[in-house]
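Student: Protein chains in written order, with our numbering: chain A, 1 to 160; chain B, 1 to 739; chain C, 1 to 287.
Be aware that a few hints might be false.
Unchecked claim - Residues of chain B placed beyond 10 Å of chain C at every Cβ, according to the derived structure:
hint: 1; residue: ALA75
hint: 2; residue: ARG104
hint: 3; residue: ASP105
hint: 4; residue: GLU109
hint: 5; residue: LYS378
hint: 6; residue: TRP507
hint: 7; residue: ALA545
hint: 8; residue: ARG559
hint: 9; residue: PHE610
hint: 10; residue: VAL668
hint: 11; residue: PRO670
hint: 12; residue: PRO728
hint: 13; residue: ALA737
Claimed, not checked - Cβ-Cβ distance ranges computed for the label pairs, FRET-style:
hint: 14; chain 1: C; residue 1: LEU87; chain 2: A; residue 2: ARG155; range: 43 to 51 Å
hint: 15; chain 1: A; residue 1: THR15; chain 2: B; residue 2: THR193; range: 34 to 42 Å
hint: 16; chain 1: C; residue 1: LYS178; chain 2: A; residue 2: HIS120; range: 34 to 42 Å
hint: 17; chain 1: A; residue 1: SER87; chain 2: C; residue 2: ARG63; range: 36 to 44 Å
hint: 18; chain 1: B; residue 1: ARG568; chain 2: C; residue 2: SER7; range: 26 to 34 Å
hint: 19; chain 1: A; residue 1: SER87; chain 2: C; residue 2: GLY181; range: 53 to 61 Å
hint: 20; chain 1: C; residue 1: ASP262; chain 2: A; residue 2: ARG155; range: 57 to 65 Å
hint: 21; chain 1: B; residue 1: THR135; chain 2: C; residue 2: ASP262; range: 25 to 33 Å
None of these hints come from the bench; they were simulated from the model.
Just so it is clear, CB atoms sit at the ideal spot from N, CA and C, and this is done for glycine as well.
Chain by chain, the residues run as shown.
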Amino acid sequence: MPPTSRVLEFTVNRTRRRYAGLPFRRLIDVLREDLRLTGTKEGCGEGECGSCTVLLDGAPVNSCLIPICQVQGRSVRTVESLGRPESLNALQQAFIDTGGAQCGICTPGMLMTATAWIEHGGSADRDAIRRCLAGNLCRCTGYQHIVDAVTKVARRGSRR
Amino acid sequence: MPAIGRRVPRREGPEKLTGRAQYLDDVAIPSCLTGVTLRSTIPYGAIRAVTFDPAFPWADFVVVTARDVPYNRVALIADDQPLLADTRVMHQMEPIALVAHRDRDQAYEALKHITVVYGPEAPVLTVDDALAATTKLFGDDNVFKDIRIERGDVDGGLAAADLVMEGEYHLPHQEHAYIENNAIAAWVDPDGTLVVTGSMQCPYYVHKALKGLFGLADRRIRVIQTATGGGFGGKEEYPNVIAGHAALLARKAGRPVKIVYDRHEDMLATTKRHPARVRHRTGVRRDGTLVAQDIDIVMDGGAYVTLSPVVLSRGALHATGPYSCPNVRLRARAVATNTPPNGAFRGFGAPQTLFAAELHMEKIAATLGIDAVELRRKNLVRKGSVLATGQVLRESIGARPVLDICVKRSDYRRTRRAHDRHNRDARQTTWKGIGLAVVHHGSGFTGRGEVMLASRASVVLGRDGTITALAASTEIGQGTTTMLAQITADALGVPVDWVDVEVPDTWKVPNSGPTVASRTCMVVGGLLQRAAVRLRDQLIELVGAVPTTRAAFVRAAQRLCGDRSAVRADEDYRKPPEVTWDEDAYHGDAYAVYSYGAAAVDLEIDRATFEVTVRKVTTAHDVGKAINPLLVEGQIIGGLVQGLGYALLEHVVYRDGVMRNAELTNYVIPTSLDVPPFDVVLVERPYSRGPWGAKGVGELPMDIPAPAVAAAIFHATGSLISKLPILPETIRAADLARS
Amino acid sequence: MRGAAVSMTVLRPKDAREALRLFARRPDALPLAGGTDLMVAWNLGSLNNRVILDLSLLREWSRITRTENGLRLGALVTHAAAERHPLVQRHFGLLVQAAATVGGMQIQERGTIAGNIANASPAADTVPPLAVYDARVHVASAAGRRVVPILEIFAGPKQTTLGPGELIEAIDLPFLEKAPGRQMFRKVGTRAAQAISKIVAAGLLWTAKDGAVTHVRVALGSMAPTPRRLRQLESYLVGRKLAADTVREAAALLAADVAPIDDVRSTAAYRLATSQRLLEWFLTPAN
């Protein structure tokens, strides 16, 4: 049976996109290959490492586990929506200040999960933040500086 | 403002924080093919035939086998590892053939159409089988390397001891689990230069390996490191293999080829930490003074030599622990088995042997009824201590301060007594324990290694005032570029943001050696410091002082350069005259200097489930000088967490010579909820030959957690568990065995 | 990543009727809800050339509704949606606790409870709570509907009793007539978060004023090829007071209803002993 194909529409970082490719390509591949948004990373393909985390209608999800056909009509946010090197947002700046990024490969995913936490009014309680980030693995930092950064911003109640 | 000692933010931070940092798979390479690898499914035997399904459209694919490799050997220490297996298989997952295609799906599909006919033979899968040498995998005895170190009279010491304590300790494989899998791309430029780029720690290792494979001249190979998502030693030597594969395919294809492993393949096929069995026979006096140490180490090297001799060496040289003992006998062997070759992993043999050494001290303390802290203090190295190789420790010895700080800050003794009371209370649902460990870790390459490396680093001052530090040291998360900029800037006497650090590209940077062995700051930073000082002196001679405004600095640079576009200061490694090492006798200064670390681990164990929760880690590290305390703390916490994983969670399950849980779902590393708060104290006992006194820090924290955790579990439960990882199942079994 | 998108056929029914009709015509199709299990297999390349029945457009299946005597969770209700729902929190606290341990946040936001059931891993964390709540599963096909007690869905590891063309449509959770005196959810995983369970347990206990057990329900996962209710010890305990020897006897009876194994995560000996200890803790009045 030939693969079915039709046009899908969804928004990525507030820009409306039309997609006419294969329906079972993964969201991560459409982002990275078609839209050249390579900030989202693939670390495992199992939904374990979280480095592929994006926000889907505001909720953190593993983009390596989502076929693009299920993104029809939804909104996607990636790390590219947060800030630019010359104008980092508060969370990104906090990571710089506390040393929350070392090799940086887990960082985009961490930022997206943390962004959802903060935008949903997540508390500055360190244990709650650790729980929230448990689906994002980091092998470099030991997490402490990451939790420092998220706590700092959650305390300020920043919503940028 | 001087940069040394300041928490200067990571300079590539903005790229990483915005998702703009380019890791290999992010790089757009026009016309690039995807390369995939066909691997052995048996651990040992003959390859009788490799057949290609005649119905498959092979003309559309690029295929490479052993006969396409000009010189089929991966250059490392020995010449025993083929880049592609030809007629023999030495381990499961050994690469046999490579396929490339424009379409990733098609490339993987092609692998299903290649059939390998094997003649399987009974594999050697344990170190005991290897030592029995009924099947000869390497030489006559399956021993890659045999090291013996002796000092004094061990048998006499043991005979005269009040107590002889024996112990056997078992260390498992450990998987690096960097979040970015191995990834390399290669192509041939129009001028014939082979360009290789990707995730790696050592561009010049790759360069050397490619030279050996293809017989090209130095400048006809160009290796460029991309942003690298973690290494931990797993990208020290393994990239030689994957780069060789990508290069083979690219040369045959006449197009760029990129090879990106998925997690499963990376875990199955690439290097792991060497498993080790360490036996101690230790003579002590009743008061705890060490009088004799007899230590035997066997490490499982896997199927090929790779770096086993050096891992073994560092393991052996740390096996006594940071203690002085007049009579020492060390025997260490690395053996061959039919498993994927093991390799570099942060600590490089020392986490294994230091686990044994430190836990053995706990055992001795408990048996003698001596306080574990006092036992350490009694034997800890200090100025004038003589090590097993005859090395006399002269300076920069923070062993005692790091221990004392941990003991004090963790309130070790009072906590221990409080936990004892808690444990005696039958109504409690947990046991509590606090344990400590103190370790040393040699900075820089072992023995004559730094001399052999003959590293060079350079600083270039352009006539436009640009200052560039040139080194092959790679940024893999530890903060290399920022730290080297700080050193260069302060040595030159300029603000840190006037200094650029060149990308590790073998066309642009000299060979300052690999990014390993806790050498980047001390050795390479030291070279850049001296190079920068020479430039500074030239500026001072010319204009009287290093200008403090940018405009004046640019004018001075123009004057200094004259007609030349730039002035360059190269600095070559010179062994400090006081460091002497005899490789044949294995005697002398094994390392120029050691860093020291200690930690107290406070944990709780559920009495019903035996699950361990680490509540707090208090740690002190003597790093000589913290060039950037923020980066140093980051290394310490990150290393301690990897060590906690090694101790409690990370279980590589091998069966029939291959890993059976090669997924992040089943090989569990710590999550943010698995780790406690860390109280980190930096101690500085400067090393006279290090830049501003700096020594190494990268590997030191990896050595500490496992023995401290085991000591804490010993305290909490009374069970001395001498193998890792310490799973709840293990604690329960030990508990049953004792009652 | 070894999944080949070009080889896949994706069916995207717009409503339940169409879904069941398509599934009847193509019973070899793979139902897809949140994808947190299916897509892992797809990434490994094991599902190439298959037909996917994407259920995500069936909005009516995403609802949590009240029934006459309980709640109905549609088949597309995610773990996160269940955790957040006030009625689930109020009446089915053990399910909320379990849902919060399934993977990390990212998995909870996508994975559905029904999908987790249909995946039929014996380690599924939400199944023991569903089992002690006497959940009933609505199964639908083009040929009709039936209702199945939760544990009868499981035939073996990764095998269900669903027939060709059958989909889980909803899960019914009847309200408890009386609040339990004691309840427990406990998961022993390979680490503190995002872990596959070695043991997962749920329990509800009702006692009379004199302390005698009037009703008890205990369920375990990861202890047998399928999740189990511990019927033998449940019957044993009714009418008895929870003295120490009764508790010990109940723990011994646990062994009769389970068959733990050694695997890459744990051992049979550890699983058995530890589940017994957890049960003893649950049954001991002082706790």
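Student: For every hint, state whether the structure bears it out.
Tutor: For each hint, the structure was consulted:
| no. | hint | in the structure |
| --- | --- | --- |
| 1 | ALA75 | holds, 31 Å |
| 2 | ARG104 | violated, 7 Å |
| 3 | ASP105 | violated, 4 Å |
| 4 | GLU109 | violated, 7 Å |
| 5 | LYS378 | holds, 38 Å |
| 6 | TRP507 | holds, 33 Å |
| 7 | ALA545 | holds, 57 Å |
| 8 | ARG559 | holds, 57 Å |
| 9 | PHE610 | violated, 7 Å |
| 10 | VAL668 | violated, 5 Å |
| 11 | PRO670 | violated, 7 Å |
| 12 | PRO728 | violated, 7 Å |
| 13 | ALA737 | holds, 12 Å |
| 14 | LEU87/C / ARG155/A: 43 to 51 Å | violated, 33 Å |
| 15 | THR15/A / THR193/B: 34 to 42 Å | holds, 40 Å |
| 16 | LYS178/C / HIS120/A: 34 to 42 Å | holds, 36 Å |
| 17 | SER87/A / ARG63/C: 36 to 44 Å | holds, 42 Å |
| 18 | ARG568/B / SER7/C: 26 to 34 Å | violated, 56 Å |
| 19 | SER87/A / GLY181/C: 53 to 61 Å | holds, 58 Å |
| 20 | ASP262/C / ARG155/A: 57 to 65 Å | violated, 47 Å |
| 21 | THR135/B / ASP262/C: 25 to 33 Å | holds, 29 Å |
In terms of the numbered hints stated before, the structure departs from hints 2, 3, 4, 9, 10, 11, 12, 14, 18 and 20, listed from lowest to highest.
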